[in-house]
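Enquirer: Given the structure of chain A, go ahead and fit chain B with the ligands onto it with the hints provided.
Quick note, the sequences are listed as chains A and B, same order.
Under the numbering used here, the first sequence is numbered contiguously, ending at residue 177.
Under the numbering used here, the second sequence is numbered contiguously, ending at residue 1492.
One or more hints might be untrue.
Unchecked claim - Once the Cα atoms are required to be at most 30 Å apart in a straight line, the calculated BS3-like pairs of lysine-lysine come out as: (1) B:Lys-1427 / A:Lys-54; (2) B:Lys-1159 / A:Lys-71; (3) B:Lys-1192 / A:Lys-90; (4) B:Lys-1427 / B:Lys-1241; (5) B:Lys-1066 / B:Lys-1241; (6) A:Lys-120 / A:Lys-92; (7) B:Lys-1103 / B:Lys-1334; (8) B:Lys-1248 / B:Lys-1234; (9) B:Lys-1066 / B:Lys-1080; (10) B:Lys-1397 / A:Lys-94; (11) B:Lys-1279 / B:Lys-1241; (12) A:Lys-71 / B:Lys-1253; (13) A:Lys-92 / B:Lys-1397; (14) A:Lys-94 / B:Lys-1234; (15) A:Lys-71 / B:Lys-1080; (16) B:Lys-1473 / A:Lys-12; (17) A:Lys-71 / B:Lys-1427; (18) A:Lys-92 / B:Lys-1192; (19) B:Lys-1066 / B:Lys-1253; (20) B:Lys-1192 / B:Lys-1248; (21) B:Lys-1397 / A:Lys-90.
I should point out that these hints are in silico values taken from the structure, not numbers from a laboratory.
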Amino acid sequence: MAWTTKDSGGMKVARRAEPYLTQAMRDELTRDILPRYETTRAALLPTLHMLQHKHGWIPAQAMLEAAEFLKLAPAEVIDTASFYEEYWLKPKGKHLVQVCRSIACEFCGQPEITQAVRAKLGIDVGETTDDGKFTLIELECIGACAGAPAILIDHTLHEGVTPEAIPALLDNVPDPH
Amino acid sequence: MPFHPQGLTSLKPSGRVNPNLHALAHGGGPILTKRIPSWPYADPKDRLIVSYDEYVKTGGYVGLRKALAMKPDAVTEEVKKSVLRGRGGAGFPTGLKWTFLPKLATNDQGQEADPGQRYLAVNADESEPGTFKDRLLMDYDPHLLLEGIAIACYACRIKTAFIFIRGEYHHQAHVLEQAIAEAYQHGVFGPKGLLNGENTARGGSFSVDCHVHRGAGAYICGEETALLEGLEGKRGWPRIKPPFPAVKGLFGKPTIINNVETLAHLPSIIEFGADWFCKQGVASTLPGNNPPSFGTKLMGVSGHVARPGVYECELGIPLRVLVEELCGGIRNGKRFKGAIAGGVSMGILGPDQYDADMDFDIGRKHNVLGLGTAGPTIFDEDTDMVAVARNIARFFKHESCGQCTPCREGSGWLYQLLGRIEEGHAKTRDLDLALEIATSMGSMPGTTICGLADGNNWAVRTIMNKYWSEFEKRVQPTHVAVKMTVGASAKG
Ligand SMILES: Cc1cc2nc3c(=O)[nH]c(=O)nc-3n(C[C@H](O)[C@H](O)[C@H](O)COP(=O)(O)O)c2cc1C
Ligand code: SF4
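The following block holds chain A by itself, in its conformation from the complex (with noise of 0.2 Å):
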């Protein structure tokens, strides 16, 4: 994560007249969030977390209109952007699929049920189905190590899960939030 060099200055940014930071977005952001807190800045990680709530990622333009709104230079917040893995700064599917491949599910069966999420999915980890619906990551530990293995789907997680029971599990998946 971290340290990945990354071509912001390079880089082209995909113009919409519709702003991603919306007046409601700003308004709660300006009520609720930024009085907690002694500097803009430290109001970033809630304003990117609203963001990909709203987008499902973040958009060049949305970090543009963060550091506007925020007062920083857009230097920093792709600087900070880019660190954190949860933030995507590339769309991804709507569907996202993120199973633990850390130390207690590893050896409880993950690499099963990676497979099985590929064979469902014919994807590999890192891609996105050609419709658009899933995404599919390998991640480290997200606590849950007593329901290894386990995978989160959106905001959903599921514990002790098998590989027969994945293809019914993604058939399944509710609309995200």
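Expert: Showing chain B with the ligands alone in chain A's frame:
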């Protein structure tokens, strides 16, 4: 007997438990999990989120009321006396940490000077592989944490607490937000807060605010100074110490960082007293003046056991008892091969260390880094220890924040080397190289800013050393071409 245990009678018949072996010495049943049905006291299936009303009905916020009737320094003194040690991994005595805050002047009337802005940063980042204990408290008994926060804020004259919770804990963040709203409503936090009283023993009105701040998927933010950077909206790069956070922390103000479980201990310590707390757990048996391991500890057991889960035990419980008696033994009747001591950073307990006592002495007694989060991951006899080392090396490579070269580069090399060893492409000399890289990185050898690299070092090194023959079997001998210059083979 402070608590009425739900009693072993509520155990389902399937629970194979020897009541003599786990009984908490104070005889009162669980403390942190008093309201969270857990083995061996009750069936986890009965767990429910404890609301404010429920919490108060079962003795909640009594500790806070008692604290408010004491002078703040007396609260700190009580916590110091209990020798409560941090449950976030390092085991630093909590009361002592609090005393590092700048001292406040008092005027002639004994009235304290305004402390100004100070912060409490609650470490709910819980991302150490094998660790899932704080989650249990936040899942079900959020007010226990909030009461602990309120007590810590009162003792340390802190006006704002931020709970830094890892991004993946969506549900837990939600539970906390709701509990915080309830706590504001009932006058724990906010301008009318601290139980609506201006009449605390400290005198003068004092209000505390408490907010949830969600992280975004970075293990390093569990390191206390990286956590502060994350709170400030920056990338989670650990700071060079000194200055220490107690002097110059969040936004440059004095800041205390404590783990969720540490804070959850405060209500009962204040309610029942330090002497009561010290009756649980064990004193250090190491030579010298070592701090004891008092109190109970949430132990999250995972891996190849019949019944993984979080168990509240007194510190000092032998790993074997924890696994065999509480967790139903190694699953499928297999034999014990090893256990991560408490989070992967701590290194491994080998096959002959099954009897290790789970207390803060464990590091020096059993050649691991320490007790860590006391969340052992157990491996059965079929486990490939080379793969275990590779898994852990991959974790650290992934999570290194990249500031320090030995950690950033070393973690990548280690992962590559271990991958090569696992696949059978490595040479004997690669084993020495791996050990050399591991040993050279960390804040203990003095080459890095934070302890992440020490975790990598200890994990890889202890696994390799304790299972050396497995690693040796996986590598090809290093043939050194020798050119003969004398004798029969020298010609040509
Ligand atoms: C790399 C690294 C990761 C850490 N992760 C956590 C964590 O997730 N949760 C935690 O409470 N402490 C974590 N710690 C320990 C904290 O730095 C700090 O010691 C602790 O939060 C202090 O609280 P305590 O004294 O109550 O234990 C981590 C330390 C390091 C070096
Ligand atoms: S030791 Fe590693 S994780 Fe810690 S500050 Fe240095 S590079 Fe970052």
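Enquirer: For every hint, state whether the structure bears it out.
Expert: Hint check results:
1. B:Lys-1427 / A:Lys-54: violated, 51 Å
2. B:Lys-1159 / A:Lys-71: holds, 26 Å
3. B:Lys-1192 / A:Lys-90: violated, 45 Å
4. B:Lys-1427 / B:Lys-1241: violated, 40 Å
5. B:Lys-1066 / B:Lys-1241: violated, 36 Å
6. A:Lys-120 / A:Lys-92: Roughly 18 Å between the alpha carbons, so the hint for A:Lys-120 and A:Lys-92 holds.
7. B:Lys-1103 / B:Lys-1334: violated, 56 Å
8. B:Lys-1248 / B:Lys-1234: Answer holds: B:Lys-1248 to B:Lys-1234 is near 17 Å, not above 30 Å.
9. B:Lys-1066 / B:Lys-1080: holds, 17 Å
10. B:Lys-1397 / A:Lys-94: holds, 29 Å
11. B:Lys-1279 / B:Lys-1241: Measuring from Cα to Cα gives roughly 35 Å; hence the hint is violated.
12. A:Lys-71 / B:Lys-1253: holds, 22 Å
13. A:Lys-92 / B:Lys-1397: holds, 24 Å
14. A:Lys-94 / B:Lys-1234: holds, 28 Å
15. A:Lys-71 / B:Lys-1080: Measuring from Cα to Cα gives roughly 43 Å; hence the hint is violated.
16. B:Lys-1473 / A:Lys-12: Cα-Cα ~52 Å, so violated.
17. A:Lys-71 / B:Lys-1427: The hint is violated at about 55 Å.
18. A:Lys-92 / B:Lys-1192: Roughly 45 Å separates the two Cα atoms, so the pair is violated.
19. B:Lys-1066 / B:Lys-1253: The given pair, whose Cα atoms are some 28 Å apart, holds under the 30 Å limit.
20. B:Lys-1192 / B:Lys-1248: The hint holds at about 29 Å.
21. B:Lys-1397 / A:Lys-90: It holds: about 23 Å lies between the C-alpha atoms, which stays within 30 Å.
Checked against the numbered hints above, the structure breaks hints 1, 3, 4, 5, 7, 11, 15, 16, 17, 18 and satisfies the rest.
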